[in-house]
Every structure is written in structure tokens, then in C-alpha cells.
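Chemist: Sequence:
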Amino acid sequence: MTERHYDAGDTAEAVEPIRLSGPGLNEDPSALYERIRQTYGPVAPVLLEGDLPAWFVCGYAELERVTADSRLFARDTRRWNAWDRVPDDWSLLAYVLYNTSVMFTEGPLHQRRSAAISDALADVDQFELVSRCERIADRLIDDFAGGGKADLIGQYAERIPLSAVAAIYGMPESETPGLVRDIAASMDSGGSESMHAYDRVRERMRMLVETKREHPSADVPSRLIAHPAGLEDEEIVLDLLVLLSTAHQPTANWIGNTIRLLLTDVRFAADLSGGRASVGQALNEVLWRDTPVQNFIGRVASRDTMLGGRRLHAGDLVVLGLAAANADPAVRAAGRDTAGNSAHLSFGQGEHGCPYPAPELAEVIARTSVEVLLDRLPDLALAVPPEALRWRDSVLLRGLTGLPVHFSPTHPTH
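So for the sequence shown, the working numbering puts the first residue at 1; every next one is plus one.
The set of hints was computed from the structure by calculation and includes no laboratory data.
Here a beta-carbon is modelled for each residue, glycine too, at the ideal position from N, C-alpha and C.
It is possible that part of the hints are untrue.
Quick list of the computed label-pair ranges, beta carbon to beta carbon [unchecked claim]: (1) Asp393 with Arg181: 16 to 26 Å; (2) Thr401 with Ala229: 33 to 43 Å; (3) Thr264 with Ser342: 22 to 32 Å.
Using the sequences and the accompanying hints, generate a full structural model.
Modeler: In C-alpha cells, the structure reads:
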């Protein structure tokens, strides 16, 4: 295969790509994104791990265009023109390897699947979800409340989202710990254990669909089975897996990033013992400034086109720079402040954005988790200097590896 020539547009000038990886991406992504924007403009040539080429969309308007046009910027990754260069152990393979889930389908098929998911999620009782999340949060806090210290990532934030999703799936509470372990293992890059873990989760979803077909209840799988779209069991299994994976780490990161903001930013510290406004503001600010999914891979150009002054060729891979687009100076110039503003792109947009009402349900889980924690442990404080906190090594996700805290020991609620 010939080397990719990044066309600067209507001129013949070649553009040198920048690596979208390394310490700068993990520790200070906003600085890297600003450097990319200053150097290349709203659409930049980048190299992903393994020197695989892609276009990085960091302009707010340009990203809106990409997400709005699902025919031109398509989701079926089989169109990618660099597949012959992708190694079998590529760490990002799971995010681009085509399967027949709702993530990669297009056109009427995607609309049918997405509508069924939205309808199934819309019937989730949000008041009951709050109650379930409160019970889950209380139980987790009880496990470490007496010790006066905890890691709020591993012991709290990463355990709540899957437990909540398992509840709306109608799964027995006894099965949740194993599901949490297998989902976490399946998302580790590479290794046979991650594949075995994924296979166990997929088999659990298959068994769940079989059970719900015989004994339906008021839960998401049962609603998908009964939906007028007439989904096949394999379609439901794959889409339940998608919901699990997209609910797990992003929501856990949202919880962890919000707690970090509340504990390190003086604007919020004074309000921790007050009303709920600061929690809502912190959740929203995280979506603007430390969004749990900072980049998304991706879209593939279905034909030659121009975007942000760059000429893209059919088959080129497009990376959605969600965090970078949120920080686009043009957004600030338009008077879009982050306070009370939900015009961020953190959940994507358009036909392949996060299906309604999934963002609402994620916010219920995140907000309840943070509020219960602050209620139970009002003198919560970081156990290390803020600069000692470390971010996960990921081009896609933005989340902490740990969040050590201390507090006054307290008795369990039960």
C-alpha cells in the first residue's frame, strides 16, 4: 500500500501528520488539542498507534457536520482504506472491527435498531433508577466507610454503572459482581483473558435473552424482545452488549472526573456542604472540559470530500475529537459559556450519537452516585496532592487510574 498523502486542500502542499498519542495526550490533552488546532486548523492529519493514518476533527462546526451526515461520514468501518496495515493485536481494534451491532449498522437497519433501544430505555422509571443507585452507592460506601480511606475509582466509580445497568436489565443482584469483573477484563487491550471475558459476557446476554423471552418482565431486554421492530435474538444480544460497554467506563469516568473536580476546584469546595447546584454544575463542566470519552473512532469517508479545508479520500478514517471540539475558541466567541449550557458534543450528535434517553439515564447514575457519596462522607478530601493523580493511558477515554481519599470513619447504614 502506498503511504497516505495528506492533502492540504486545493494546493499541492503535503501536510506532516502529528501523533495522537503519548504523555501529552494523557496528562494535558487540552494543550495538545490546542497545538493541533493552531498548527493544522479544524481538521488535522494524525497518526494513531502503529502509524495508522486518520483525520482528527477538532473544530466544533466541522464535527457537527460530520455527525450530521451519516451517509458521507459513514459508520461501517469495512470501508476503511488502511485495513491491510492493521495488526491483529492493535489496541484499538475492538473499536473499529465491524460487527452487526447497532454501533456499525447504517440507514434503515440502524434506525430500526436505534429506535427500539430508545423506546426500551425511555420506559425505564428514573425515580426507581435513583432509588436503585442510592442503594448500590450506600452498599459500596458501607464496604469502606469504617476505614477512613478509599480509592474512589476502583472501590466506587467503576462499580456503580454496571450494577445499575444490570438492574434495568432485570438481572439477579447475585450475578452483578461477576458481570462487573468480566466487563472490566474484556475492555483490557489484548490478551486471551480479555477475549474469554468478552465471550462470558456475550453468553450471559444470550442466556438473559432466552430467559426474558420465556419469562418477560418490566426490563430492557423484555421490551426489546416485544418491540414492534421484531428484533432477532442475536441483534438483541449484540445491542445489550453495546449498552453495557458504553454505559460502563464512560459513566465511571464521569463520576470519577466529577468527584475530582469537586475536591480540587475552590469554586466548588465552598458548596460541598450546601445544596445540589454545585453537583449539577460540576457534572456539566466535566462534560465540557474533561469529557469521559474524549475522542471517538470513528467515521469513514464514503467518497472524496472536503472538510475544514482538507481533502479527504474515500475510505479515510475520521476521529471525532469530542473534547477538542468542546474547547474550540469559536464556541466561546459565540457566547457559549459552559455554565448551564448543554451544547457540548460529549454524547455525539446525529443518527449515531448516544441514543435518547441514554444520556439522561447516565446523568441519573452519575449524579446520584456523587450526591450519596457527599452526603455519607461530608469531610471527604484527597489523600494525595492533585498533581499526583494519574490519567489512564487512552486515546479515547478520559479517566483517572485512581482517586485516593480520606474521611472521618463512619458506621455502615445497615
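Chemist: Flag every earlier hint the structure violates by its number, smallest first.
Modeler: none
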